[in-house]
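Novice: Two chains, two separate frames, one set of hints: put the complex together.
Residue strings, one per chain:
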Amino acid sequence: MNVGFSQPAWLFLLLVLPWVIWLSWKSPAGLDRWRRVLSVTLRVLILVGVILALAGFELRQRNDSLAIVFLLDYSDSIPERYRTAMLDYVKTATKNKVPRDKAGVIIFGGDASIEVMPSEQIDVQKVYSIVNTHATDIGASLRLAQAALPTDSQRRIVLISDGNENLGDAIQEAESARANGVTVDVLAVEEAKRMDLQLEKVMMPAILKKGETFEVKIHILASDPAPAKLRIFRNGRYLGEQEVHVEKGRNVFAFPQTIEDTGFHSYAVEIECAADDIPQNNKGTAFTSVRGDPTALVIHADKSKAAPLDEALSRTKIQIRSAGIDGIPEDISEMVNYDLIVLSNVNAGDLSEAQMKRMQSAVRDFGVGLMVIGGDDSFTAGSYRGTALEDVLPVSMDLSSKKVLPSGALALVVHATEFQDGNRWARDTALAALDALGPSDQMGIVLWDGKDKWLFPMQPVGDRQQIGHMISGMNPGDMPSFINVMKMAHQGLVGCKAHLKHMVVFSDGDPQPPTDAEIDAITADKITISTVMIGGHVAPDPMIAMAQRGHGRFHDVKSPNDLPQIFIKEAAIILKASIFEEPFHPKMGDPSEITRGISEDGMPLLLGYVTTTKKPRAETPLVSQNNDPVLAQWQYGLGRVVAFTSDAKPKWAVNWIGWDHWDSFWGQAAKWTLRRIENSSYDASLSIQNSGGRILVDALDTQGKFLNQLDLQASITLPQGKTVDTKLRQTEPGHYEADFQAPEIGVYMANLRTMTNGVLVASQAVGASIAYSIEYRDMKPNAHLLRKVTEVSGGRVLKPTDDPFAHQRVAASRPTPIWNWLLGAAILLFPFDVGVRRVMVDREQWMDFLRKLLARLGLDRWQKAHPKADDAMSALLARKAKLLDQMQPAPIAREVSFPEATPIAEQPATTPQTSKKDEPPAPKADPAKPATGADYTAKLLAAKKRARKEQDPGT
Amino acid sequence: MLSGCGQATSPAPSSKIFERFESLGSFGTGAGQFNKPRSVGVDGAGVIHVVDMTGRVQRFDAKNNYLGAWQAPQTAQGRPKGMGVDGDGHLMLVEPHYQRVTHFDSNGKPLRTWGKQGKAVGELAFPRAIAAFGRNLFICEYLDVQRVQKFDMDGHVITAWGSEGSGPGQFRRPEGVGVDRAGNVYVADSCNHRIQKFSNDGAFISQFGSPGDAPGQLNYPYDVKVDAAGRIFVCEFGNSRIQVFSAKGEPLEIVGGPGTGDWQFRNPWGIAFDASENLWVADSMNHRVVKLARRKEAAS
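Chains as they are written, first to last, in the working numbering: chain A, 1242 to 2196; chain B, 22 to 321.
Isolated chain B, as found in the complex (with noise of 0.2 angstroms):
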């Protein structure tokens, strides 16, 4: 039982996939407070990270108590956005304003520390998200180059894809990236509302969405992530909810929609599955991340 952090459950009105929705934290600055969360990950001894908009990265054990938290560095031109676990299970932070990435132990220990400057094909612009396979990092950017990079645990680029634009393979602010167990690589290309899958060389292999508010369609995604079971989970920081979709593109199921209760989301900025397949939400502008807890026969 999280102790101080304000925490509230409520059973699952009509999903199919999640029992329960949990709220933790309130707004502030204090332990367990958040002031507009933006991203979570839950590293591979199970502890959650959250970063928001004081630059701290809180963290909590699985039953949601308070273990500490970290400042970034260096926050002035901008916060850390964009977390992620590489092939170790240890947390990955990026910093998109400092253009770099961060390796920490289940402790809060920086481990390394990568990236270089630039616009060349192996340095980043402006990193957004990052999500590994095996031993590989996928990394998304916008603004001066739009496109999604793929690196090795130690920094070295792989290989990269994308330009700016609204053709397939083409990107207008990615801002989520998440892996299927076979290495597929999805992106959420937020401005073109849509979710891109590529294979793991970056080839264009499907896409689906479309601007609006029905079932399928999409406003603003800002994450993807994948279960063990192929099923596609987007937030989406428009339309305030989560969607998800089957393997191949079909919507399944809408979870929340704009509004401050349980069940519902303040543009949800970033997704993370814990071990038990549970979704973390940075509920940004709820000041709150949530768990929704899977149901057991859900669970893959």
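Here chain A stands alone, though its shape is the one from the complex (with noise of 0.2 angstroms):
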């Protein structure tokens, strides 16, 4: 054991040690030597405590055991058998490790997490740890695994990998990690020679004239030669297939290709080769862009109706595309290729968060044109609320500013499921729902949690915050039974004042069902029953009995990732009451290019529409007769959005289907929609590589000149629908680059736009695709990489013979800090050095508190019990009074320290002195002693200003 410090700068403070006591010593304190001993004793511990504990002291015990921790690189460059040989070289290595000695396992991609802390017993058979394996970041794992070494041991990381690093800065964090007391050996993971084709890129112009005809080029990257197979897909279609072979190196093949349908195009490649060990790098897409006519694609919720609409449109010039629920874009670049999307009672739960992002920038950032027309599963009844959709629309979702609506009620039913991460699924779920709930609408939710209780009951949603904060902490358990939980949530649905009511059933199916009576029960109080079943480990026949028997639906959740808008669609079940059906007149409203021609009278009666409430910038050229919006237009960005909330098919517009204006109103709504920004002819393009996307383009005039100084600004959106802005520098002549983060796998666009003076005068769509993995770019090791790691590490890079645990051992120190100690200490004694210098007390002041304290315990008995010995020191005392009053016959001065005051004439010029403590106080002022109190400071005021009077007589 020694000692040690952890901020030794702190010591020089030690240096005022000498004046501080020097100081103190001299300090006027009027205390006698041993009192002037002991105050100095004790300012110098305090001080010595303080500083002790600033600088950090600890003790060190030495420790001669050896931490390690394994990071195993599970990124997809790894293939799966190497990851079975990595968990056996750690079981291996740890197997024959001295007992005290530690290790654990950290399991990284993108990111990394801690699969097993370090501990002398480890026995990992399996990875449960779940990571990105799409990239590869050694420093975060090294910088994980610093921090989950323990201290008090000699410290090591083993990192197993192929050294592919694609993000963070592993060289740094290596440093970092020498710096703080921890080595790091690599093994490295060598693939064998593997064969492997890689599609490099898809090229293709980015702007072509309709009937153009122009070559695909496929670049392929192969490590040995070999017979393959290419196909082409166009827009998601198959176009047809070719027997290739590739060479070793880099192989370029071109398809002529001729598109007559103006728009935006995708084009997707594939190889096949059977000898190819790496599929997965056997990807690629093109985009382009085809000037002409303008097209639009229509998307029915049911396809069956949708004739009368798509023969309104039809009869414009824009080429129509119609399509079902399953048509809707699910990528960027297929959205833009349409000038017009018309989703017709299509229900929010019917796209995915990220393709109403999606489709929010394609019209914000790309001047596509929206048009919502309305249905009974639509708008505020389609659970639009709080969605990207809603943003986009001139109509908003809430309702409070209406007349009462009845409103709905929700009761979620919410068991734990064994699939991974299910609570937090649950979770998300349930805020979903949340979010498409109105405020007057009512939820609860009823789950197991060690028992069957509310999370919270039945409530009006509000504000949505409070109820917010507790699904976000809500930890389902694994419930036996529904019928109990069941029971509760019918209950509480009994007591809601609403006017529809559902139930939803979220598990994975093993919970004791109710019977048939318990579920009729609920349904005979006008309670629907949905049941949802994820990760379901048993058959669903209970499930879907319950759903079936409770008029609800039946979800069979494949990926979790459906289960937000399974809910959405759930809790529209309850919107239902937003849905005003009944005949009305349409009245006119703000006037409109879409209504131009158009007049009250002989306007069809409609039959129903969803409650809405126009936004404050918007236009209404159609509202109801309580002046709800009928039809409704707004810019977003760059792009116009049109909402219709009565239908468009025989159903609430069966009146207005053989009306003349009917062609003439869709017709005049679809070309105020459309698409209207001027195109401009950059040759752009947009090219991702790694985790960095860039765009470049070359800006030239017809003549062919440099078109310089541009304001060019880009609109990217990423894969998942998220929206990035960057302006473009001038590197060059004509030449404009930049660059942005491209951490996803997917589409990515970018709208070019050519501001001047701030105002939008061209723009144009570029894109460009990544098909898999940067993992798969390049799957050669990087073994420089991983022996510089060593270098600065001060590690050594391993052979799969050697043993981590053997090497380059050294003793460490366990720190045990002990400066709380010490500052308590020293915060202890302060009071008693106060004490010492400022409080007297004299024998006899001593003498009666131990008196009195005997009394008191009752010990005085001792005393009477001893007179002679009480007399005896009564004596010795009385004597020992009279010799001191023989010896010293003027009173005893005692050194008061006053301060140093200006010379006062009236002031007698006496030591101050203090009388006996056994005498009584002085009755009146004696002016052969010092005054006091008041009449001192008075005093001393009088002679300040009869002072100031000799000094400036004026006054």
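Honestly, the hints are just simulated from the structure, not real lab data. Worth double-checking, as some hints may not be accurate.
[Claimed, not checked] Capping the alpha-carbon separation at 27 angstroms, the derived lysine-lysine pairs in DSS-like fashion look like this:
hint, chain 1, residue 1, chain 2, residue 2
1, B, LYS317, A, LYS1336
2, B, LYS130, A, LYS1367
3, A, LYS1458, A, LYS1828
4, A, LYS1332, B, LYS130
5, A, LYS1856, A, LYS1828
Specialist: The structure is reproduced here in structure tokens:
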């Protein structure tokens, strides 16, 4: 055991000790010698304690154990069989370690997760951690390992990786590790030679004319010559395939193509090669734009009733593509392919959150027109509330300003499921349902938390913040039975004053289901029941039966990603209360190009609409008798948006379909909404390399001269729908560039905007796609990086047979900080220091105190029983007092420190004295004694006044 | 003494049967750590086996030292739950979602696996728990088929009884099964909140328990075991306690209650006796295994 300091620089403060001692000794405190010595000693102890505490004084115990954290690279570039080998290496290495040594395991890819904390016992049978395998961030794993390693032993990291880092900075973290006393050994994963065909890129012109012939160029990198098959898809549709023979190295294959349809088009290419060991990197995508007539995509929830609208729109010059729900574009590249997108009675749950965000970006950033037509599954009744789609629309789903509308009540029964992150998904889905409800709707959640209980009982959603907090903290348990929780939900719903009541049961399906009679009791109260089965590991029959008998829907969810959308649709069941289903004559509102030539007179009855609220900036050319929006329009970013809250089917619009203005109404609506941005024709491209994207633009005018000093801006839509804005910088004459982060796999689209004085004058779309994880781009191990990591950290490169516990062992010391004890001691001593200097207690007072204490403790009997001793003591004390009187006839002068005042003439020049403690206080002021208290202060003030008068007689 | 498994002991506050509470393990996936342990079993060699939500079966010796673990080969459909000891003293592991039973020797080596998926008698639909009496095995099942089946040691069915319902001999989610020294079979009929007693051939004998938390009442009984003296130990998932009944079904003692401290449980899932009749409890939501050490005078 020895000692040390974590912040030794503070020890320089010890240099002030002599000065403090001198100052304390010389202090005119009027102390006798032994008090002075005691006071100085206490001060020195306090000061030393504080300084040692600041310096981080610690006891250090030597420890010769070694702690190792194994970092296992689970990124996509490491084949599955190597992961097993890594685990086997850890098992072998830890099997024969010294018992006191510790071992832990961290799994990493694009992020890192502690699989097992360092401990003396380790037995890793299987890896449970889930990490992002699409990237490799060695630096992040080194950082986490340093934090996980114990400080009381020698610390080492064993990195098992191919070194193909594409995020972070491993070298920098290795340097940091060394500074922290951690060495990094490396075991390189050396892949046996593998045959690989890699589709590097697909190239084609960014802009085409209708009918123009062009080439799709496919760049393939091959490790060995091999026969292969190329398949080509346009806009997701199979075009054909061709046998080719690739040579070792780079190969380029060109295919002539012609496109007759205008708009934005995608080409996807796949390579198939039997000998290819890494098929994951055999895909590529490219985009092009064909100028010509505008195109529209019309999505119908019910395709069987699509004809009236499709026919009306087809009578314009717009090319129409009509599709069902499954035709909703997945990628933004396909969305911007159209000049107009029409959604007819589409529920928000039919679009993923990412799809809605992409659609929002297509309108806002790319100028695509959007027309949303209502129906009983749209707008407020289609759970648009709180979605990106609501944000785009000129009407809001907030009905709080409306007259009282019938509300709905939704009870969720939530069961902990056994699949990975089941409770997190339960929370996310409940939040999605909450977001879809209106403030006056009611919601409650029943779950098992050791017992059947309400997370929160049925209550109005209100501002949803409080309920949202409760849901965020929800941790449902594994309930044995649905029976009690459904009874509770039933009772809760019965107690609600709501127009529609619905119960949703979320489970993996294994709790005991209720009997038919128990379900019938619920439905008898006009409550519907839907069931959602996720991660089902039992037959779904009971869940199906519950939904069927409960007049609801059964959802067998295969991917948790689908859950929020399912719950949004389930929540919509109680939102039907927002539907106004009575015949009405729409009234003309704001003048609009859409209603040009149409008058209120003769306008047929509509039979219903969905209640919404006009947004402040929007215009409403048609309104209902309640002044609710029927037709609303506005500009959203670069695009125009129209909302028609009735339908375009033979249901609410049955009287409109035969109306003279049916075609012209929809034709004018479509034309007003169409994208109308002037297109620029720069030579522009977007490319993705590793985790970064780059936009390159070469701008020339029609004479081929460089266009300089352009204000070029880009809105880049990432694969998940998030948008990033950037400004392009000019790097050469007519050449502009911009870089951006590209961390996701999928389609990246950028809209290049040419601005003049802040006004948009032209735009152009470019796109690129990452078809596969960057982990598959460069599969060759990066031995140089791994070696460098060992060099900067002081570690070594291991062979698979090396024992990482065996080499370079040094004893470490375990620090035990005691600064807090030192500081505590200093704080405790401080009052004593003050007491020694400020509190005077003489012997008589001590004796008096002791006598009283003994009396209180009942020990004075002993005193009474030994009167002789007491008498003797009294006699001795009396004798001592007498002798003192003889030796010091004058009163004992006590050194009292007063401030040095200006000499005052009236003040007698006598030394101030104090009375003895046993003397009564003087009844009145004695001129022979110094003035005390108020009279003394008054005299000082009077003297001060006189002095001033003398100095300044004029005042 | 256990090393690295976070063992703690505490004397009994008032139990007449148990004198000490020992806690084994902590939350995690490391050696000697648990993630929601759901079943515990002690084989003939005294090796304690614990299976949790990682699908691992961890083994400990009588002094709670970690001996090793093995991973269930398949867990995608669900993890194993349900353990017992066969007539040869070998551990039996039930995998409900894979409809099979595997017997292991005391070194963790699998000896044989049996079970055929199906709802017919002799097949396994969703086997949940297992108990042995001599050369006979009793398996309770729920979900598609609510029943108890009696097998021989080779997995040949001898008889079966039960259906869904609340009447005598009917079940709603039978979660646990135990046998007494006379061969009577006890079933933890969890969603009926009762224990049913049957003869060795499935004839209904008696039942006790009703929903609630008062003495004698039960809340989701998940396991039942009977000691040599005939006392019935019921693991109550819902009340987070162990309740002890006389052979006649009269409440004798309640051990534990909801909580995370000593002498407390959070949704205990399964129980097992060792040779000294110490009771081992899979304290699932506390992520630990508890040993309730028997008082000498209470041991039978």
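Novice: Each hint should be assessed against the structure and marked as holding or not.
Specialist: Results of checking the hints against the structure:
For the given pair, B/LYS317 sits about 39 angstroms from A/LYS1336 by alpha-carbon distance, which is inconsistent with the 27 angstroms threshold. For a cut-off of 27 angstroms, the pair hint linking B/LYS130 to A/LYS1367 stands: about 18 angstroms separates their Cα positions. Of the pairs offered as hints, the one joining A/LYS1458 and A/LYS1828 is violated, with about 57 angstroms between alpha carbons and a cut-off of 27 angstroms exceeded. At roughly 19 angstroms between alpha-carbon atoms, A/LYS1332 and B/LYS130 fall within 27 angstroms of each other, so this suggested pair holds.
Note on A/LYS1856 and A/LYS1828: the hinted pairing holds, with a Cα-Cα distance of about 18 angstroms set against a maximum of 27 angstroms.
The structure is inconsistent with the numbered hints 1 and 3, although it conforms to all the rest.
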